[in-house]
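Number of protein chains: 2
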Amino acid sequence: MNGAGNLMDFLDEPFPDVGTYEDFHTIDWLREKSRDTDRHRKITSKSKESIWELIKSLLDAWSGWVVMLLIGLLSGTLAGVIDLAVDWMTDLKEGVCLSAFWYSHEQCCWTSNETTFDDRDKCPQWQKWAELMTGHAEGAGAYVLNYFLYILWALLFSFLAVSLVRVFAPYACGSGIPEIKTILSGFIIRGYLGKWTLLIKTVTLVLAVSSGLSLGKEGPLVHVACCCGNLFCSLFSKYSKNEGKRREVLSAAAAAGVSVAFGAPIGGVLFSLEEVSYYFPLKTLWRSFFAALVAAFTLRSINPFGNSRLVLFYVEYHTPWYMAELVPFILLGVFGGLWGTLFIRANIAWCRRRKTTQLGKYPVLEVIAVTGITAVLAYPNPYTRRSTSELISELFNDCGALESSQLCDYINNPNMSRPVDDIPDRPAGPGVYNALWQLALALIFKIVITIFTFGMKIPSGLFIPSMAVGAIAGRIVGIAVEQMAYHHHDWIIFKNWCRPGADCVTPGLYAMVGAAACLGGVTRMTVSLVVIMFELTGGLEYIVPLMAAAVTSKWVADAFGKEGIYESHIQLNGYPYLDVRDEFTHRTLATDVMRPRRNDPPLAVLTQDSTTVEDVETLIKDTDYNGFPVVVSRESERLIGFVQRRDLTLAIKNARQKQDGVVSSSVVYFTEDAPQLLASNPQPLKLRRILNLSPFTVTDHTPMETVVDIFRKLGLRQCLVTRSGRLLGIITKKDVLRHMAQMMNQDPESIMFN
Amino acid sequence: MNGAGNLMDFLDEPFPDVGTYEDFHTIDWLREKSRDTDRHRKITSKSKESIWELIKSLLDAWSGWVVMLLIGLLSGTLAGVIDLAVDWMTDLKEGVCLSAFWYSHEQCCWTSNETTFDDRDKCPQWQKWAELMTGHAEGAGAYVLNYFLYILWALLFSFLAVSLVRVFAPYACGSGIPEIKTILSGFIIRGYLGKWTLLIKTVTLVLAVSSGLSLGKEGPLVHVACCCGNLFCSLFSKYSKNEGKRREVLSAAAAAGVSVAFGAPIGGVLFSLEEVSYYFPLKTLWRSFFAALVAAFTLRSINPFGNSRLVLFYVEYHTPWYMAELVPFILLGVFGGLWGTLFIRANIAWCRRRKTTQLGKYPVLEVIAVTGITAVLAYPNPYTRRSTSELISELFNDCGALESSQLCDYINNPNMSRPVDDIPDRPAGPGVYNALWQLALALIFKIVITIFTFGMKIPSGLFIPSMAVGAIAGRIVGIAVEQMAYHHHDWIIFKNWCRPGADCVTPGLYAMVGAAACLGGVTRMTVSLVVIMFELTGGLEYIVPLMAAAVTSKWVADAFGKEGIYESHIQLNGYPYLDVRDEFTHRTLATDVMRPRRNDPPLAVLTQDSTTVEDVETLIKDTDYNGFPVVVSRESERLIGFVQRRDLTLAIKNARQKQDGVVSSSVVYFTEDAPQLLASNPQPLKLRRILNLSPFTVTDHTPMETVVDIFRKLGLRQCLVTRSGRLLGIITKKDVLRHMAQMMNQDPESIMFN
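Sequences listed follow chains A and B, in order. Just so you know, our numbering puts 221 at position 221 of the first sequence, and the rest follows in order with no gaps. Just so you know, our numbering puts 516 at position 516 of the second sequence, and the rest follows in order with no gaps.
Everything labelled a hint here was simulated from the structure, so no lab data went into it. Each statement offered as a hint is correct.
Since the list gives no way to pick out one identical chain from another, each pair is judged satisfied if it fits inside one copy or across any two copies.
No farther apart than 20 Å at their CA atoms in a straight line, the calculated lysine to any residue pairs in the SDA-like style are these:
hint, residue 1, residue 2
1, LYS283, GLU567
2, LYS713, THR37
3, LYS33, LYS245
4, LYS355, GLU749
5, LYS713, ILE188
Since the structure is predicted, the reported quantities are computational estimates derived from the model, not experimental observations.
Excised from the complex, chain A in its bound form (with noise of 0.2 Å):
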């Protein structure tokens, strides 16, 4: 009894490592909920015992509370800088800034004194390359060097990128969205949002997006975010040792991410409802709610697009949309609903390429190519050579009286004058058709060049050169209604709501609606999606089109392929994620996917009070499985319990290591009393602490639905399956996944973990 006695302190105070998973492995929600009320139970008790205690377990309470404090600081800190970071070294593709050289072009104007508003974009502070080596501004010759040096930057700054991101932190790459969609459903990549590849991933995103390739940089922030997230879990035994709480804090983080990404916290929050989370209480929608909120005051603290704005895209339309126009409106949500179809087929089916041939071995001058052409064809027209978002952030704008871009050259009606912002439409100037022809250039490069450029080795995002597509495309619908409504508005439609005079279409409204529509085609967001757009451009007045076109590109979209482009990429590498959005509809049984399967050998079990230390350690040895059930007896085939294999191999080799007595023919006990044995009999080996007495069973008759449900809802890891009360098989989330695989005629064994 000594020993057992010894076992009781010894397992009271347990092990390192037990209850902790493998890499690669799914985690336990049920039993990581019950671990932390077991812990909250301990401090709550704990606490009125002195006021010390009290003072750790107000501490405990409020801790959430202070992680979100800080990952929305940091994340928004870090926003702050790779805006600016990514703002200079745009630039720097063009030329410097002689006055301080870690000046923005912007900057670096407006500091000099001597600029009036009309040329604020060509101080004299401002030297493009060309100037500064040759001395010639204009001519051929100052164009090709310009052109080489933008290249030259271009292919510098992908290759930094790609080389840092191979070097040290190939978790770096990609918009890292579909790999935190599959962490939070409950999976462990260890390292996947360490603190390497917070590091690594926030230089090469800055180096990424600089070297112009047709990437954006707000999924990859939302990756940053997560990693602040779990930087600042590892403070907290309560989230750091809790895979479950540590998924909560990872949610809000997301949002926080997202915040910063556009300057919208509530699209954020339910950017993470909607797209990333799995496993979303209500606690934790308020918790997010503060990150972001948090994180979008930190970045507007920073100013970075220096107009003390919280928003990337800030524009105020004066005029009201008509009823009429609803139909280019949905128009637009069709057309966003095809680009969203062919971007993430093309897209698989490119990266699908890379994954089984050749290409997949030489990422490194896969970007440098890329790149290259990127670089080559982008310079010569001016949508492209600019930054994506000061393109989209060009096309969402309506044209004023002060706007000196090409897209607003409208004929001006002399005889009229109105107040500045509310211009009738006008006949479009050259300069109009000009600036069509290059956008629909422009467009056509967009589409091409962003189905190669998402999946390479780097970070990228998807949501700004969606956006592009979209606000392109909806520019051009937009010029055309407005050129349609001006010449002919005698026309039935247009007679009502546009007289001679009225200012009554917006272009840059048709492009805020067509980019909503191809970023929800791409990504099957709705209503995150609207709240993003909104919050993004201030256009409160315009929900209605927004949600027309979102809804419009969803259901084309859906009709081609239930999947977004986030769990196209998540099935394409095989991650074990069961979407709560895929219904299950077949009519299947437990039974019919439990294992073992017919002409299997038995299932592998441990009884009660007869299995010995050894043959444990030979089923451990000769099986793979990760957990056992336990039985009453071989015979009867009644269930106890189920036991983990990690724990298992953790009690017996701590055991043999610290409890005299515990030898290879010791029997192992999960009851609740070991009976007395003959002191002749090795001491036996109690190991009911880690034995799991609530394991979850389902009868052999229930509806696979049922058990898909179960297993979603309540973030199952395996599941036993029982006849009237005899164990017949166990079903784990991977039996599952496969046999859904199976069910949609995919193969089955693309599932790869665990």
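Start from chain A and add chain B according to the hints.
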């Protein structure tokens, strides 16, 4: 075998009502879901047979969107009609339009041609009652007559409202949100969402709001929209025959209700998600979004506010806010939290008194008395005389140059000429100080009277009264800060952001923040609240102040008690509502909660092949359980399945009527094949079809926190408890709720329904 064959045919076409629920019972979500999947499968497989079936299956797939469209249209229309009727009837208390009696004051003066901008409110067409009856518009006599008629009209309206509710639809009273929450969580209250309730609630809502009582129309509009949802469910068997699917529609309808109540579609969706709904899959999110959009759009087309805006209180501020202002904003948050706590405690205490004393027996008298007191006290104060939404609107407004309100009686500096919309801070005139006193009185009045009003037997929402309390408090604080900043701009806190002659404090913004804080304190919304507020006011720039106030208010209120007003009313009424937010942290196990308890008679079970029809009938007569577990035999106690009482009763009744040879001594078989019996034995009754072969089980060692989680997430009605494969007992939702009440030291018998 002939009989058995008949039986099978007859069971394939199930007898009516099988699988339905009785009134005041809880539904089983898993079962509803699996029934819907069956239905879906049937339609999909049939759709391959003919074009007609294909069309039918397409119609079925689109029926969800059709229902959403109809809900949006009807609830938008109803909201518009209610708005117009309330406007007219509120003004009817003061006077009448001579040119057309069905015009409200505003419409009357709009249509009149003689008026100029300045005296828009004083057109000759609109006459107060005293003027119309005596010819004198001014003087003490006219005042008294108007006062008297105001009270009379108020009493008439409220008498009509309470009588209509009592006579025709008792369920039409209150805000309806606690009951809708309960219904959405899976409870059946027949008639609560019926046609009569819809009709009477719409009519009495207009009467109640017009009577000038301190209540709003926002909560009841959610109820009205849910009634619309329920109405349209009956058009499609997909929704009318499946309680689970019906609740998806109702969740979306609730979103549409808030959408039209405030003109805030996105806020509506979030309200439904955060506050009302229980089971909210992503599909419902998109549909809610659509319904909310259609509803808001329909309302906009009706245009009841006459300004072609979606929103109720449109404001446009021009000044930014400063960091230092966060201090008063957070103080307003604290006030909101304290108000929430005070209101909930006082209101619940008063409602409990109403339930338990004689007071509850005279609802008509109570309503009349409260209306009388409200009218008598409200008339003399201009801020309480007008309708509450007008009051809020005025409080939110920034003082422009042309504002004629008393609140905007500032002393203008004649030397300063600035643009109209950028007026610097000015010293307050006597009108402002006068208004402050009246507002302080109005604040006390609103606080006290709202406590007594909410919960009376008329439709009553508390969004608007709560917002009014907050807006008054906020405006007072705002003016105080403004004057302090004006008179002491050399103080260190004002020095940096408030130079003389600058417009640095916007009192209207304080009113908005105060309104959000008070609404948050009462309802404990956060994200949805902020979204509603900024959709409501168009003030996208002010997310941070709103969020700060909302979160503070929630923290403060939560410190005094976790429950919001709706949860408190649910608890007061003893509805079986399993709150998603309550955390269960006690250390009890399933075995402590399950029935039978120690010393109870054993569990009532059926055996699979040895119970006769008579035994079953006796069991049904002697017990009132909702269902019975079926076991292999009484000795082994191994579980086979679970059968519902209702299904069992119906099956036996049907068999006795339609099936020859089924007599009292017939054996009931739940096995797959009934054994071959001698001809002398009576015909057996096979009931495997009504047997649920996959009942939910947990082991007796399962912690109650896990059981609670399972009940919540899977929406179970009952769960069987086993130990090593043997059936031990049963836990129903009611047992869980009772146990939770007991653990929180509440009366477990307050949980009333099944």
